[in-house]
Structures are given as C-alpha cells and as structure tokens.
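J.: What follows is the residue order along each chain.
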Amino acid sequence: MTGPAEITTFEITPSERPAPPPRSGPFFVVVLLIGLGFGVGGIISGGAGVVWGLTGGVLAATALRWRGQSSHPVDALAVVFASALGLGWSGWALGERGSSVEGTTALLAAVGWLLPGAAIGFVVWRHSRRLRLASVLVSAVGWALAAFFVFLWAEGLGAVESLSRTAVQAGEIVELTGTFYATTGFFIALIGAGVTFALLVGSPALVAVAGSITFTLFAASQIGFSLIKVTSEIDKLNILAQEFWPPEWTWPNLTGQPAENQILEPMVETMQIAVVGATVGCLIALPLAFLASKMTTFNLPTFWGSRFFMNVIRAIPDLFYAMIFVSAVGFGSPFAGALAMIMFSLGIMAKLLSETVDGIEPGPLEASRATGARHSQVVQYSAMPQVLPNYVAYALYIFELNIRASVVIGIVGAGGIGRLLDEQRVFFQWDRVMAIVIVIWVSVILIEAVSVTVRRRLV
Amino acid sequence: MIEFDRATVIYPGGLKALKDISLTIEDGEFVVVVGLSGAGKSTMLRVINGLVPLAEGSVKVNGQEVRGAAAGDLRDIRSDIGMIFQTFNLVNRSTVINNVLAGRLSMVPRWRSTIGLWPKADVEVALQSLERVGIVDKAYERASNLSGGQQQRVGIARALAQEPELILADEPVASLDPVTSHMVMRDLQRINRELGITTLINLHFLDLARAYGQRLIGLRDGELVFDGDIADVDEDVFRGIYGRAITPEDLLDAAGT
Ligand SMILES: Nc1ncnc2c1ncn2[C@@H]1O[C@H](COP(=O)(O)OP(=O)(O)OP(=O)(O)O)[C@@H](O)[C@H]1O
Ligand SMILES: [Mg+2]
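Going down the list, the sequences are from chains A and B.
The opening position of the first sequence corresponds to residue 1 in the working numbering, with each subsequent residue numbered one higher.
The opening position of the second sequence corresponds to residue 1001 in the working numbering, with each subsequent residue numbered one higher.
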C-alpha cells in the first residue's frame, strides 16, 4: 500500500457497543470502608466477634468476586453484614452467660455461625440458580460442622469454668532463662527450616539456600554458637522440656477467679492492633509516597519536606514508638500499640511506595497533564494504576510484619499477647508460655499463608 | 488560531532549541512540521500547550497568551488542545475506556473523577471517540492487550475525547509499520476534514508529509527555514531543511519495503 487511499467519508459507524464489565473499583471501596469502619468500632467497643465476622465477611465477599460469582455491592453488603451480625451475636451469647454455659447459650452461639453461611449461600444462589446439589450439600455440611464445633467449644468453656480452680500455682523458680532463649531460638530456626523447605519445594534457586546456610554458619560462629555447649547442657534441656510440656492453656487469674480465653483474647487484640496499624498506616502513606517522589510531587519544598518527614519516621524503631505512646495513652492499652504500628507501617510503606513511584513511566503522566487535568487527577489516573498492584502487595507484607512486631511491642506495655507472654515469663510459668507461643505460632503461620497466596496472585 | 511571535526556547543548560519563530496557523489548517532530529520539532509543539516554557517572545492560542499563564488558565488552554505521542503514553494497566476518559478529566467535577463516577454523557463522548477510530469493541480491554496501531488509536481517541479545537501530534506514526502508519495518518486527516480540528503533526518521513499535509513548516537548528504550501517543496527546499539531498531513508514506503 503506497500513499493515501481515497478519503472515505468520516461518519461514526453505529457499531455494537461492548457491555461494560462489572465495576470492581466501587465494590472494593464499599467493602473496605465498611470493614474498616466496623473494625475500628469493634476495637473501641472490644467486640471481638463483630470484628471477626467483618473480617470473614470481607474475605468471603472478595472470594465471591474472585470466583466470578458476584461483584454487586448489595451482595457484598449482605455477606459482610450477615457475618458481622452472626459472629457478633455468637460472641454476645457467650458473654451474656451466667456462671456456667447452658445448652441454650451454646446453641445460640452456634446459630450465630450459621448466618454468614446462609448469606453466602443466598448470594451464590441468587447468581447461579442451577447449582449442583452436591456443592450445595458440601457447603451446608461445612457450615453446620463449624456451628457444631462452636457449640462444643461453648460447652467446653462452661466445663472449664465449673472446675473453679482457686489456687494460684506457685511457679517453680529455676535458672532457666538462658536455656529458654536457646529453645525459643531453636523453634525459630525450625520455622526457618520449614520456610526454606517450602521455598525449596516451590523450586526457587538453590543458591539462596546455600547462601543462607553459609551466612548462618558465619553468624553462628560470630555469636559463639557451640554444639558442644548444647549437648553438654542437654539435661538442662530435659528439665526445660518438662517445664514446657504439657502446655497449660488456662489458669486462674490473680484474684483467684477462673479466667476465660486468657490467650485467645490478647491474641485477637494483637491482630486488631496489626490490622488497624497496617490499614491506617498504609492509607496515610499513599499521599505521602506520591509527595515524596520527584515524579509526582508538587514542588521542591514539598518533595524535600515529605522526604525528610518519611525518613525521620522510619528511623525511629517501633519499640521506641511503643514506649512513647504507652506513656501517652496508658500502660497495657492496645490503642498505644495501634498508634505505634501506624507509625511503623507508615514508615515502611511510604519508603517502598515512593521508590516504586520513582520508577514509573513518565509518558502517561505527561499525556494527562497535557489534557489540562489537575495535578491530583494526573496522579490518580496516570501514576496510581502503575503502582497499585505493588501497593496492595506491600500492604499485605506490612500486615505480616505488624503481627510479629505487635507481639514484641506488647512486652513494653502496648497491649496484646506480648504483655501476657512477658507476665508469664517473668514468673517462669513455662507451660503457660508454651501455650502462648503455640497460639502465636499458629496465628502467624495462618496469616502468612493467606497473605502469600494473595500476593502471588497480584504481582 | 495559533500565533508565534519571536518565540524562543532555551533549555536548562543553555541550549537554544527554538530561535525567534514567528508564524500564524489559522483554524482548520493541517500543518506538517519536518526537520532533522534535534531541529526543535517537539519543542515547537510543546510550547503551544505550555509543556515547555518560552524564554522570550510569545505564543498565543486563540488570543490567549500561553507564556506566564496562571495554573488555572494554562489548564483551560490545555483542555482545548489534544496531544498525541510517538510512544502513545497510555496507562498500560488501565482499560482503554479509562485511558480515553483521561481526556475528559478537566471537564468533570473533581469528586466525580476521584471516585470514578463518570457522568453518562462523558462516557458517551469517550465511546464515540473510540468509534471514530474504529476500536469501540476494545473499550473494556486492558490497553496493554492492544496492538501498536490500536494503542495509537486509543491515543487519538483520548485527544478526541477532549473535543479539542487543536490537535498536536508528535511523530504519531514513528513506532508503527508502514501500513498502520497510513491508516493512522488517514484517521488524523479525516478528523481534520470532518471535524475541522486544526492539526499540527511532526513527521519524520517526507512522503507522508507530501501525501497528507497541506502546509509544511521546516525547522533546522531551531530556526524556521521553510513555511509554505507542500506542493512547493522541491529538492532545494529539502536541502534547506535537511542540508542534503533526499535519500530513501527519508521515505516511509522506500524504507519500509
Ligand atoms: N528537556 C530538555 N532539556 C534539555 N535539552 C532538551 C530537552 N528537550 C530537548 N532538548 C534539546 O533541544 C533540542 C531540540 O529538541 P526537540 O526534542 O525539539 O527535537 P526534535 O526535532 O523533536 O527531534 P526528534 O526528531 O529527535 O524528536 C535538541 O538538541 C534536544 O537535545
Ligand atoms: Mg521530537
């Protein structure tokens, strides 16, 4: 083909318009806003059931969308509300019980769990009415089982209370602190080995393994790690094992009254601290990151100002934030922990994201600037989409970091399970410490597994 | 109408990229700008929408001075000027329709663009712009899934969505193959003829300029060395612009085959 062909008249051919796909943007905004609102509300009021319901509801709504079942805001609302209501109800039923749990209380608690199942079932059914009977049955049985376990659990709680253990067991004071740390280290190493093994099965480079082994050996020799010492103190380990095992899951509190959910409640609190810290921190970091990148900043003073602010925040260790906020808000307050985690998340996210923004393509920015768009619009329409997948992946990663960090800051009084761990440790209640560590360990692994799966899908 | 009056551009570092340019472009004209690499073609287009600031002289768009315009005025000027780029400059991760809607950002209330709640009328303008370049069926696909020619059409649609009075195209076909180049050039020519949008195009290939242009502007080292009807371009004029005779490299269809 050479030269121009004849000029055909330029009229709009009334062609077939494609149907717009379901809008996911507003869907997620609605779901996230509700989740955030209730999450904060739940933390303020201490209603853990509602928070769990919401978290589950948001997850379920997201999963429904992912599986292409529905992305309708009404469906999301239905699932989220039903879950919050159901689990909130469950928690309320347990909280309202008298000295012991009767069958009816346990039944109420269990029924609460059926609500989210019903809501999800309703949404799925609404969109694909010709479901296979088998899948309906499987899902129904699943939720029924969940409800049944809640029933058993509630009954069990009652049983524990009726034991009425009054005496505070005097802790045997043994010189075990050093060995305790060694064992903790050993556990962490086991976890590390497990992770390495998982990575290996997933077939990443052997080089990384070899490199980490070399580095570990080097580091071990530097800190005076000695196998001989470990073997010569093996009988100490023996004592330790006796002290640690079996774990003690419940114990009476200081007034001699039987206590409930001693480990789970602070663990939930720790997770709430981590969620609030990650969410709020990452939200604040979003504008800050764009201001702190030459690509999207307003002007030089803003750029240097936000850079400086970002670096200062990041340079302060999370433990220090925790101490500051604890002295400001009060010892043992989860709010102090949340504040510390906000600063911690903010620092990491702003840094990671602004560096990602530095590397985006400038062309699209110039193009929308040339249309006469405002600066904020240019950033939103041309810069944001380029970094959004990274942003979400970073946020999940920061949430993982937060879980572990908020365990540690609990030790200096910022609420959550860290405080409990420290309380039991100073009284050498190793069997209780063991129970706490197991709970932390399971929670962290579960959360990481979910987070890693989601992140894989994103990037 | 665009009026250049002794327009001069000096880049940081002291390079004079545009020297004392004075010329007028009337409404509805189809103007092609040619010149060697580094002659100042892109610079000339960019001073019109204020992406590059003037050092001296003035550039007026419809009587409005671009130089020193306040931020709000500059946005107003830009909203009437569509720009098309050699590398398309689409947001690859966004859908085609969202890329085209970017052309309407200056025309909707800010809260609407912030939450992505576009007025129906604006979505309609965007879809019509896509229809004009014949790719409305791709509206909800990711921009990165389109071919080069299709991506440039999205770029054109984005400019059209502004319902502009003027289109600036900076080497719009330089990253396309010859056949696609002709299709895109024909699109631009139609838009100029049917909608009466004044069009300024930087081109590298002389035969493309001859085939589609009416008026030709030749730049050399930032100076205006030719301004006239494209029919008057002969070997001498070419030497004046390029400093040498025409070679096959200057022709798209010779170079492309
Ligand atoms: N942002 C900038 N800063 C400094 N110098 C620049 C800048 N942009 C362009 N120049 C210089 O100004 C001169 C003219 O550049 P311009 O981009 O206008 O040329 P051009 O004719 O479009 O060339 P090409 O055909 O390669 O696109 C060149 O010498 C270039 O190096
Ligand atoms: Mg150029």
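Note that these hints are calculated values from the structure, not bench results.
Errors might be hidden in some of the hints.
[To be verified] For lysine to any residue, the following SDA-like pairs were computed, each having C-alpha atoms within a straight-line distance of at most 20 Å: (1) Lys351/A / Val1052/B; (2) Lys294/A / Leu1051/B; (3) Lys351/A / Val392/A; (4) Lys1120/B / Lys294/A; (5) Lys1120/B / Ala19/A; (6) Lys1120/B / Arg17/A.
J.: Return the numbers of the hints above that this structure violates; sort them in rising order.
T.: Violated: hints 1, 4.
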